[in-house]
Amino acid sequence: MSMTTAKPIVRSAPDMRKQKALLKGAFYVGGTLLVLIWLIPVVIAVFTAGKSMAELMSSPFMWTPPRQWTLENFRSAWTNAGMARYMMNSFIITIPSVLGTLAISSLGAYALAFYQFKLNRAILIVFVSGMLIPFQMLMIPVFRFSDAMGLMNTYRGVTLFHVAFQLGFCVYFLRNFMRTLPFSLIEATRMDGASEFTIYLRIIMPLAIPSIAALGVLQFTWIWNDLLWSIVLLNANRVMTITQGLANMQGQFITNYAIIAAGSILAALPPLVVFLFFQRFFISGLTVGAEKG
Amino acid sequence: MKTGTPKHTWNHQTLAPWFFLAIPLLMYMTWVIVPIIQSMFFSLTDRDSILFQRQFVGLGNFIRLATDPTFHLALQNNLFWMISFVLVPIPVGLAIAMFFNQDYPGARWFKTAFFIPMTLSYAVIGTIWAWIYQPDFGALNTLLRSVGLDTLARQWLGDRRYMTGALIVVGIWRQVPYVMILYVAGLKNVPSELIEASMIDWASWWQRFTNVVLPMLRPATVVAVTISIIDSLRAFDIIYVMTNTKARAAEVLASYMYSSAFTFQDYGYGSAIAVIQFLITLGFILIYVNNTLKSEEKL
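Quick note, the sequences are listed as chains F and P, same order.
Quick note: the first sequence, position 56, residue 56 per the numbering used here, numbers continuous.
Quick note: the second sequence, position 125, residue 1125 per the numbering used here, numbers continuous.
For the record, the hints were derived by calculation from the structure and aren't laboratory data.
Heads up, some of the hints might be wrong.
Claimed, not checked - Capping the alpha-carbon separation at 30 angstroms, the derived lysine-lysine pairs in BS3-like fashion look like this:
{"no.": "1", "chain 1": "P", "residue 1": "Lys1111", "chain 2": "P", "residue 2": "Lys1188"}
{"no.": "2", "chain 1": "P", "residue 1": "Lys1188", "chain 2": "F", "residue 2": "Lys18"}
{"no.": "3", "chain 1": "F", "residue 1": "Lys20", "chain 2": "P", "residue 2": "Lys1188"}
{"no.": "4", "chain 1": "P", "residue 1": "Lys1188", "chain 2": "P", "residue 2": "Lys1294"}
{"no.": "5", "chain 1": "F", "residue 1": "Lys24", "chain 2": "P", "residue 2": "Lys1294"}
{"no.": "6", "chain 1": "F", "residue 1": "Lys20", "chain 2": "P", "residue 2": "Lys1111"}
{"no.": "7", "chain 1": "F", "residue 1": "Lys18", "chain 2": "P", "residue 2": "Lys1111"}
{"no.": "8", "chain 1": "F", "residue 1": "Lys118", "chain 2": "P", "residue 2": "Lys1294"}
{"no.": "9", "chain 1": "P", "residue 1": "Lys1188", "chain 2": "F", "residue 2": "Lys24"}
To be verified - Some chain F residues close to chain P (C-beta under 7 angstroms, calculated; not the full set):
{"no.": "10", "residue": "Val142"}
{"no.": "11", "residue": "Ala268"}
{"no.": "12", "residue": "Pro271"}
{"no.": "13", "residue": "Thr287"}
We treat Cβ as the ideally placed atom computed from N, Cα and C, and that holds for glycine.
Build out the structure end to end from the sequences listed, making use of the hints.
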């Protein structure tokens, strides 16, 4: 290219190819660096959990991998620090909460998706706004109600709360999906004399399975990761969730950080595994409203 | 009735939605709607209203809040959280989304890996970061010392001047991947010719970006901004885990409400703080709801 001529609008093919290869290289290098830097805290936790006490004391750098990997810290966290119990509790609370909220929200979603009635929109708005309310606004009354009903320190107390609270998001999410189904499906079945409940159960629900699965993945993570309601509604060690157990561990095991790091990895594993296996579902659930304009 | 008269069908279908809505509405009323109303009512009563008989104190709690220095600090910190949650995650999340938005093989895995912080609970994140901030052998101070910047090493979670900032950094670390994924979804609607990087013509690229691409991303931006603000106002777990809510300097409305109500058993006062937090959040909730419901009407 000579200095005097203006830049040509259409450049030669080899030039373009070179630029493309360069961009591609920049993408992989830049992307790798970005991900590595962003995940440093997670890497530090994994490395710390894998180090023996002696190595932790002798090496000042947390970001170096262990010279010798040990599972000792995981064993201590699992047994001595009670993570086994807490993890069990988290499963006992999370699984029924997810199933319950999916089942109940699908009923509400069906009503809002397929029937025209005066309060339809108002009810939808109540569900959607409720999901964004600050939890502090619910804490005292829910605590008081749970106490009065004998639901404190019970699995079902927290489970019922999660089911109820998550209805806001779930009803909204499932209703949006159901609205994409052709209404003629319902009319045809109705003509055949099927009851409204049969239409819901036999026609709509089977079609909604993919979106219910997507929602379930997201709900599992949210409910598993909850800390606040465990603090408010559960204070006995035997029923505590893993998030609360981990938060308490900070106070008790402060001298041995490797055990806390191992505990935090244990607490992170179930939602992480769920996310990695079902990422497409997960992300489609999180981006509601961001796509269409 | 096999074929059903029109009138029958009409009746049938008037009752049906309520049959389906009965359980969801009842549960939502019990655990969400009624508690919101109760909290508003409690905010007008005195401290022992839960345990003993209710003592109506009018706006007494709010008058107390007006002159409470901790409340002022909490408001100030919340404002700091809110501004940081808009100024940092939105542009950074958008930039990263645009960077990752390529169809090179394996590009998806970068997005997945980058998204990991969002799947972790604040209990886990707070635990990890508390260790990074640890003043003596935490990674941050060790790193600063090892490159000769000893003077920059701080008591990140022990010094009231740095506490809130240190916590916000952790919040941002988790929020950026969320905003990124919202923009990745938004970018699906933008033709790739419009964003394809052209290294020679930066000026025209930038012009096209601000005039064409950004307006097309408006729905994603509205969701990202409102959700980030609502999240910043909800910040609690991170403060609870990393400071144990003992450190007053890091207090935000959510944590101050918690300690007032559950540590000091002052339920009336705690409810008043919750009401203030609710009122601040409400505006943003309405923007979000209005935006999402309006966008679907166009379909």
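Do the hints match the structure? See the list:
no., hint, in the structure
1, P:Lys1111 to P:Lys1188, "14 angstroms, holds"
2, P:Lys1188 to F:Lys18, "27 angstroms, holds"
3, F:Lys20 to P:Lys1188, "22 angstroms, holds"
4, P:Lys1188 to P:Lys1294, "20 angstroms, holds"
5, F:Lys24 to P:Lys1294, "39 angstroms, violated"
6, F:Lys20 to P:Lys1111, "21 angstroms, holds"
7, F:Lys18 to P:Lys1111, "26 angstroms, holds"
8, F:Lys118 to P:Lys1294, "18 angstroms, holds"
9, P:Lys1188 to F:Lys24, "20 angstroms, holds"
10, Val142, "5 angstroms, holds"
11, Ala268, "5 angstroms, holds"
12, Pro271, "5 angstroms, holds"
13, Thr287, "4 angstroms, holds"
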